[in-house]
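J.: Each chain, letter by letter, is given below.
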Amino acid sequence: GAVVSQHPSWVICKSGTSVKIECRSLDFQATTMFWYRQFPKQSLMLMATSNEGSKATYEQGVEKDKFLINHASLTLSTLTVTSAHPEDSSFYICSALYPGGTGELFFGEGSRLTVL
Amino acid sequence: QKEVEQDPGPLSVPEGAIVSLNCTYSNSAFQYFMWYRQYSRKGPELLMYTYSSGNKEDGRFTAQVDKSSKYISLFIRDSQPSDSATYLCAMSATLSGGYNKLIFGAGTRLAVHP
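Listed in order, the protein sequences are those of chains A and B.
Counting from 1, one number per residue, gives the positions in the first sequence under my numbering.
Counting from 1, one number per residue, gives the positions in the second sequence under my numbering.
Because the hints were derived from the structure by calculation, they are not lab data.
Wrong hints could be hidden among the right ones.
[What the hints assert, rightly or not] Sample of chain A residues at the chain B side, in silico, Cβ under 10 Å: (1) Val4; (2) Leu74; (3) Leu76.
[Stated by the list, open to error] The following residues of chain A were derived to be distant from chain B, with all beta-carbon distances above 10 Å: (4) Lys14; (5) Arg37; (6) Gln42; (7) Gly53; (8) Ser54; (9) Glu63; (10) Asp88; (11) Gly110; (12) Arg112; (13) Thr114; (14) Val115.
[As the list claims (entries may be wrong)] Taking lysine-lysine and the DSS-like style, the derived pairs with C-alpha atoms no more than 30 Å apart in a straight line are: (15) B:Lys67 to A:Lys66; (16) A:Lys41 to B:Lys67; (17) B:Lys2 to A:Lys55.
Don't be surprised by glycine CBs; every beta carbon is placed ideally from N, CA and C.
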């Protein structure tokens with residue numbers, strides 16, 4: 001299957017700092033990428049849809065000023081958690097929509113964020 | 001009522017058993033059905049992709065979709081300890097005019113013991 005790379009795989013930061021997570025589609029171009037948050041033993045919660053060259057679409061209840069998403073190229077989307085707090089600690093996962101209209105999503109490995 | 005219902009388990013089976021994982025859904029517009037496998041602290045991996053009703057087989061895995069009953073299944077034959085993971089069903093509606101987001105089930109945790 002197609003490869004989506006996510007970096008960093010884990011990060012620890014102090015409260016009040018900002019953290020950037022990158023999501024790259026390595027072998028295909030992705031016009032659309034998605035960002036999810038996953039709590040332990042729970043399913044994926046869609047945070048936002050990232051479209052190349054346009055503003056991200058956020059799900060209800062997700063603060064767009066808190067979770068900044070940039071999709072500057074067809075292979076890269078970034079999620080920046082601004083002024084992180086301990087409650088932002090979670091597993092963040094990105095996915096990229098495979099082109100061709102099949103609706104197949106390929107996921108990154110996830111990034112575990114711990115805010116102290 | 002959630003759009004997609006999936007029993008979270010855990011489901012524990014002996015090695016070699018046939019595993020049946022299921023999801024039910026309420027939105028009759030769903031046409032695309034997927035199963036993902038997620039190992040602990042990893043991103044989900046696409047296992048099976050099915051469009052509309054019918055069966056699809058890939059090695060030890062078989063996906064079934066019954067749109068009339070709004071019910072999908074994933075069967076794993078000759079289960080192995082390496083199959084121990086969380087299995088997520090996911091589905092979406094028509095893709096015309098743009099992408100409709102995937103709706104995920106809660107995931108079923110499977111443990112295959114030797």
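J.: Would you mind marking each hint as holding or not holding in the structure?
T.: Hint by hint, here is what the structure shows:
{"no.": "1", "hint": "Val4", "in the structure": "holds (8 Å)"}
{"no.": "2", "hint": "Leu74", "in the structure": "violated (15 Å)"}
{"no.": "3", "hint": "Leu76", "in the structure": "violated (17 Å)"}
{"no.": "4", "hint": "Lys14", "in the structure": "holds (23 Å)"}
{"no.": "5", "hint": "Arg37", "in the structure": "holds (12 Å)"}
{"no.": "6", "hint": "Gln42", "in the structure": "violated (7 Å)"}
{"no.": "7", "hint": "Gly53", "in the structure": "holds (15 Å)"}
{"no.": "8", "hint": "Ser54", "in the structure": "holds (12 Å)"}
{"no.": "9", "hint": "Glu63", "in the structure": "holds (19 Å)"}
{"no.": "10", "hint": "Asp88", "in the structure": "holds (18 Å)"}
{"no.": "11", "hint": "Gly110", "in the structure": "violated (5 Å)"}
{"no.": "12", "hint": "Arg112", "in the structure": "violated (7 Å)"}
{"no.": "13", "hint": "Thr114", "in the structure": "holds (13 Å)"}
{"no.": "14", "hint": "Val115", "in the structure": "holds (17 Å)"}
{"no.": "15", "hint": "B:Lys67 to A:Lys66", "in the structure": "violated (40 Å)"}
{"no.": "16", "hint": "A:Lys41 to B:Lys67", "in the structure": "holds (28 Å)"}
{"no.": "17", "hint": "B:Lys2 to A:Lys55", "in the structure": "holds (29 Å)"}
Hint compliance for this structure: hints 2, 3, 6, 11, 12, 15 are broken, all remaining hints hold.
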